[in-house]
Amino acid sequence: MEFQNADIISVNQFDRPDLEKVFTLSDQMREIARGKIRNRLLDGKILANLFLEASTRSRMSFASAFSRLGGDVNSTTGMTFSSMAKGESLEDTISVIEQYCDVIAMRNPVTGSAQIAADVANVPVINAGDGIGEHPTQALLDAYTINAEKGRVDDLTITMTGDLKYGRTVHSLAKLMSNFDDIKFVFAAPDDFQMPDDIIEDLRAKGFDVMQTDDLDGNLPEADVVYSTRLQKERLSEADRGKDINSIFQITRAKVEQLCKKDVTIMHPLPRNDEVSTDVNPLPNAAYYRQAGYGMQVRMALYLLIFGKDGDLE
Amino acid sequence: MEFQNADIISVNQFDRPDLEKVFTLSDQMREIARGKIRNRLLDGKILANLFLEASTRSRMSFASAFSRLGGDVNSTTGMTFSSMAKGESLEDTISVIEQYCDVIAMRNPVTGSAQIAADVANVPVINAGDGIGEHPTQALLDAYTINAEKGRVDDLTITMTGDLKYGRTVHSLAKLMSNFDDIKFVFAAPDDFQMPDDIIEDLRAKGFDVMQTDDLDGNLPEADVVYSTRLQKERLSEADRGKDINSIFQITRAKVEQLCKKDVTIMHPLPRNDEVSTDVNPLPNAAYYRQAGYGMQVRMALYLLIFGKDGDLE
Amino acid sequence: MEFQNADIISVNQFDRPDLEKVFTLSDQMREIARGKIRNRLLDGKILANLFLEASTRSRMSFASAFSRLGGDVNSTTGMTFSSMAKGESLEDTISVIEQYCDVIAMRNPVTGSAQIAADVANVPVINAGDGIGEHPTQALLDAYTINAEKGRVDDLTITMTGDLKYGRTVHSLAKLMSNFDDIKFVFAAPDDFQMPDDIIEDLRAKGFDVMQTDDLDGNLPEADVVYSTRLQKERLSEADRGKDINSIFQITRAKVEQLCKKDVTIMHPLPRNDEVSTDVNPLPNAAYYRQAGYGMQVRMALYLLIFGKDGDLE
Numbered sequence: 007m008e009f010q011n012a013d014i015i016s017v018n019q020f021d022r023p024d025l026e027k028v029f030t031l032s033d034q035m036r037e038i039a040r041g042k043i044r045n046r047l048l049d050g051k052i053l054a055n056l057f058l059e060a061s062t063r064s065r066m067s068f069a070s071a072f073s074r075l076g077g078d079v080n081s082t083t084g085m086t087f088s089s090m091a092k093g094e095s096l097e098d099t100i101s102v103i104e105q106y107c108d109v110i111a112m113r114n115p116v117t118g119s120a121q122i123a124a125d126v127a128n129v130p131v132i133n134a135g136d137g138i139g140e141h142p143t144q145a146l147l148d149a150y151t152i153n154a155e156k157g158r159v160d161d162l163t164i165t166m167t168g169d170l171k172y173g174r175t176v177h178s179l180a181k182l183m184s185n186f187d188d189i190k191f192v193f194a195a196p197d198d199f200q201m202p203d204d205i206i207e208d209l210r211a212k213g214f215d216v217m218q219t220d221d222l223d224g225n226l227p228e229a230d231v232v233y234s235t236r237l238q239k240e241r242l243s244e245a246d247r248g249k250d251i252n253s254i255f256q257i258t259r260a261k262v263e264q265l266c267k268k269d270v271t272i273m274h275p276l277p278r279n280d281e282v283s284t285d286v287n288p289l290p291n292a293a294y295y296r297q298a299g300y301g302m303q304v305r306m307a308l309y310l311l312i313f314g315k316d317g318d319l320e
Numbered sequence: 007m008e009f010q011n012a013d014i015i016s017v018n019q020f021d022r023p024d025l026e027k028v029f030t031l032s033d034q035m036r037e038i039a040r041g042k043i044r045n046r047l048l049d050g051k052i053l054a055n056l057f058l059e060a061s062t063r064s065r066m067s068f069a070s071a072f073s074r075l076g077g078d079v080n081s082t083t084g085m086t087f088s089s090m091a092k093g094e095s096l097e098d099t100i101s102v103i104e105q106y107c108d109v110i111a112m113r114n115p116v117t118g119s120a121q122i123a124a125d126v127a128n129v130p131v132i133n134a135g136d137g138i139g140e141h142p143t144q145a146l147l148d149a150y151t152i153n154a155e156k157g158r159v160d161d162l163t164i165t166m167t168g169d170l171k172y173g174r175t176v177h178s179l180a181k182l183m184s185n186f187d188d189i190k191f192v193f194a195a196p197d198d199f200q201m202p203d204d205i206i207e208d209l210r211a212k213g214f215d216v217m218q219t220d221d222l223d224g225n226l227p228e229a230d231v232v233y234s235t236r237l238q239k240e241r242l243s244e245a246d247r248g249k250d251i252n253s254i255f256q257i258t259r260a261k262v263e264q265l266c267k268k269d270v271t272i273m274h275p276l277p278r279n280d281e282v283s284t285d286v287n288p289l290p291n292a293a294y295y296r297q298a299g300y301g302m303q304v305r306m307a308l309y310l311l312i313f314g315k316d317g318d319l320e
Numbered sequence: 007m008e009f010q011n012a013d014i015i016s017v018n019q020f021d022r023p024d025l026e027k028v029f030t031l032s033d034q035m036r037e038i039a040r041g042k043i044r045n046r047l048l049d050g051k052i053l054a055n056l057f058l059e060a061s062t063r064s065r066m067s068f069a070s071a072f073s074r075l076g077g078d079v080n081s082t083t084g085m086t087f088s089s090m091a092k093g094e095s096l097e098d099t100i101s102v103i104e105q106y107c108d109v110i111a112m113r114n115p116v117t118g119s120a121q122i123a124a125d126v127a128n129v130p131v132i133n134a135g136d137g138i139g140e141h142p143t144q145a146l147l148d149a150y151t152i153n154a155e156k157g158r159v160d161d162l163t164i165t166m167t168g169d170l171k172y173g174r175t176v177h178s179l180a181k182l183m184s185n186f187d188d189i190k191f192v193f194a195a196p197d198d199f200q201m202p203d204d205i206i207e208d209l210r211a212k213g214f215d216v217m218q219t220d221d222l223d224g225n226l227p228e229a230d231v232v233y234s235t236r237l238q239k240e241r242l243s244e245a246d247r248g249k250d251i252n253s254i255f256q257i258t259r260a261k262v263e264q265l266c267k268k269d270v271t272i273m274h275p276l277p278r279n280d281e282v283s284t285d286v287n288p289l290p291n292a293a294y295y296r297q298a299g300y301g302m303q304v305r306m307a308l309y310l311l312i313f314g315k316d317g318d319l320e
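Chains as they are written, first to last, in our numbering: chain V, 7 to 320; chain P, 7 to 320; chain F, 7 to 320.
Where hints are given, some of them may not hold.
Remember, identical chains collapse to one label, so a pair may be satisfied in a single copy or spanning two.
Claimed, not checked - Okay, derived cross-link-like pairs now, DSS-like style, lysine-lysine, Cα gap no bigger than 30 Å in a straight line:
| no. | residue 1 | residue 2 |
| --- | --- | --- |
| 1 | Lys-315 | Lys-42 |
| 2 | Lys-171 | Lys-92 |
| 3 | Lys-27 | Lys-42 |
| 4 | Lys-249 | Lys-156 |
| 5 | Lys-92 | Lys-261 |
| 6 | Lys-92 | Lys-239 |
| 7 | Lys-249 | Lys-92 |
Honestly, the hints are just simulated from the structure, not real lab data.
Generate coordinates for the entire structure from the input sequences, incorporating the hints supplied.
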């Protein structure tokens, strides 16, 4: 894809060279993201950080990533714009807001709203989540986390567990990873929460080894990466409610130490409840806090690419 | 007026030379407002952006305008301060807040509150709207839009339509325009929504040609500028509810192309409902989105004037 | 204490040399806090300003203090994080947020939460108030106000009045002042609102002259500093409700002019209701607005100390 002035709406925009470009640039962001090296490439630029739905941490990540590159941030929070409460269309809102900024990051509960905004705006629009639609920077940071922790995305076994049916993050990550080679996907979830058929079929059509199972523990030993997500128990079927779903699909320190490879990487998009127990936190395998830091790096990389500033790095 | 350290409370503070000064400086802000040229004249200054009433876009405009000049912004949102909820007076709130900033922009639903704040504060206060009182920077940006689009404010026919009775923006704009010469004012609205008598009388006393009418279409051909505002139908009289007020006072692409001058300028303070139909958007005559950008320039000009930095521009 | 990378959780962390270091550095912040001198020592640093409880002014003070030193601020407001609403622990929230910043200031209604955050975070945490727990920067700014107004904290008579029982600020200030010498503490309040016994005993054990009284006026003549706080009348006992508590414990201009030393310093943490009447405002003795400005200086001093930048001042 051509990154300069691009809208970032969907994971489908990215092919392997795009992802490698983002990963390489994200690597270069490491010390800048941590505040060790000062960078001012976005000095004078303004990010309109429009969060029409509560997501404190994503909002802070988009904002801090922009600040680390020297830009200014103009944030909104709250379920709606005051103008929208008066009946204004999203098109009008965006046409006004774009006068105040150089790039828009928008979280909006309405599926498809990011594309509508992008169609209207003359400045680039980054989809920061549009309902059950997409949240591409989350998928990019997940893929980058794998790359940063394992040194590659190819030739890995990834076990995804939890709510694979409704979980936007696992769908998007599976799609992004399908740009790489020799990956074995293990989807370990109760039947009612299994990965949708279209994603399974797409992965198989591309030649990937795909396993669907309700046995997590039996599949932990070969996992290079375990990606856990929250499973909303109120959605469980009658049959499964009788089972101890909690402990079956929970990642614990005991399981990591007794069942997993020594260098397994444990990921979670957070927030979590108890599907990854807190005794995993001190293990070097626990990558879920580092994920947040990688997310900063990925968003910084995207900003630089969108503004055509990636070539200006020293 | 003496701009340095001035409070900006009312359109009545501005005479023609003041307006021309603001317009000239706003012109110079054009490339800076768009992020093409970096300016740091307000480096180190802090704007306290106090919005005690929801107005997302005005708040963002005040903030981005300050950022474009290199300053820092400290914003509040929400209907009230937590301290005010405990019974604190506005005077105390302002006396504390001014310790944290160099200038205050305040939106407050209480009419007259801006003057109270200005009386108490040692830093300049900009009225960002005080209920049914004033919102002077909106009027300034409206007047500047006319100047930017037409190259002058003198010698024009402006047709204002919609809710001219309760609409704060049209009252203030009419007052500001009365500083210029040879303007014909056409006020096209249902009888119940006509411009208040005191404004009509004031304009006539100053020698302006003023027409009040409920016929919009018949008066479009001579208009250089059409300024449309929202008309709240629940306020219509019994008699008018029977009429198709919507289409009578709506600006459509067909009307612009068939009834108006080729270079007519269509303005609206936004948000709109359907009083300007969306098919007008692509026409070069549609100035309502550009208005938002002009608003940035005007607010930047005011900041520079208040801080006495207008002479420091390169 | 070792300031660099320190968490600021409690007033108990500070001994006399620590306080003198903070005071001296706060003095140096005076012109920078007022925007007279530009300082960029925190350029590139990010403050995560987490206010999980409404406190507009404290939030603005923490933010502006950081801006005055050239840093960037990433603020949250609202009663909770969206992730916490989904059941996330404070530990997880902090472990994510710290990836986005270099220092965290947190207001949280849960007592003890600041220490929990500090234990988890690798970046310094400043307690901006944790329920009925502590709010150490408020106490520091109160003590600094005394030092700035009187030139010393030693050898003074301070009269504290209002709600001394539940008032967090007076407890913390008394503790901090007990690091100095030859102070006479007069606690003037209704019996039901007197200072807790453990604080009285602690002050007496350290050799201070302590008086508890329900007679404010009779003790005003010897006061060098009067520290007034709000008294919630709904908490008054039956017996006291009959009395005119309002006027007994109110500070008025007449009392200041007729009963007090000419150079008495009147303080109040604000917001106030009528326990200090507004006719005191114009008197040079009224220090309560200046307190807010001193608060900026103290927070700036703490930021510089935490980042080890205090030695870099010119």
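Taking the hints in turn, this is what the structure says about them:
1. In this assembly of identical chains, the alpha carbons of Lys-315 and Lys-42 lie at most 30 Å apart whether taken from the same copy (20 Å) or from different copies (15 Å).
2. In this assembly of identical chains, Lys-171 and Lys-92 lie within 30 Å of each other by CA distance solely across copies; the values are 19 Å between and 36 Å within a copy.
3. Taking the closest pair of Cα atoms, Lys-27 and Lys-42 come within 30 Å of each other both inside a single copy (23 Å) and across two copies (27 Å).
4. For a Cα distance limit of 30 Å, the shortest separation of Lys-249 from Lys-156 qualifies neither inside one copy, at 34 Å, nor across copies, at 71 Å.
5. For a Cα distance limit of 30 Å, the shortest separation of Lys-92 from Lys-261 across copies, 25 Å, qualifies, whereas the shortest one inside one copy, 54 Å, does not.
6. Taking identical chains as interchangeable, the C-alpha atoms of Lys-92 and Lys-239 lie at most 30 Å apart only when they sit on different chains, with a minimum of 13 Å there against 38 Å within one chain.
7. Taking the shortest Cα distances, Lys-249 and Lys-92 sit within 30 Å of each other only across copies (23 Å), while inside one copy they are farther apart (49 Å).
Violated hints amount to a single one, hint 4; each of the other numbered hints is respected by the structure.
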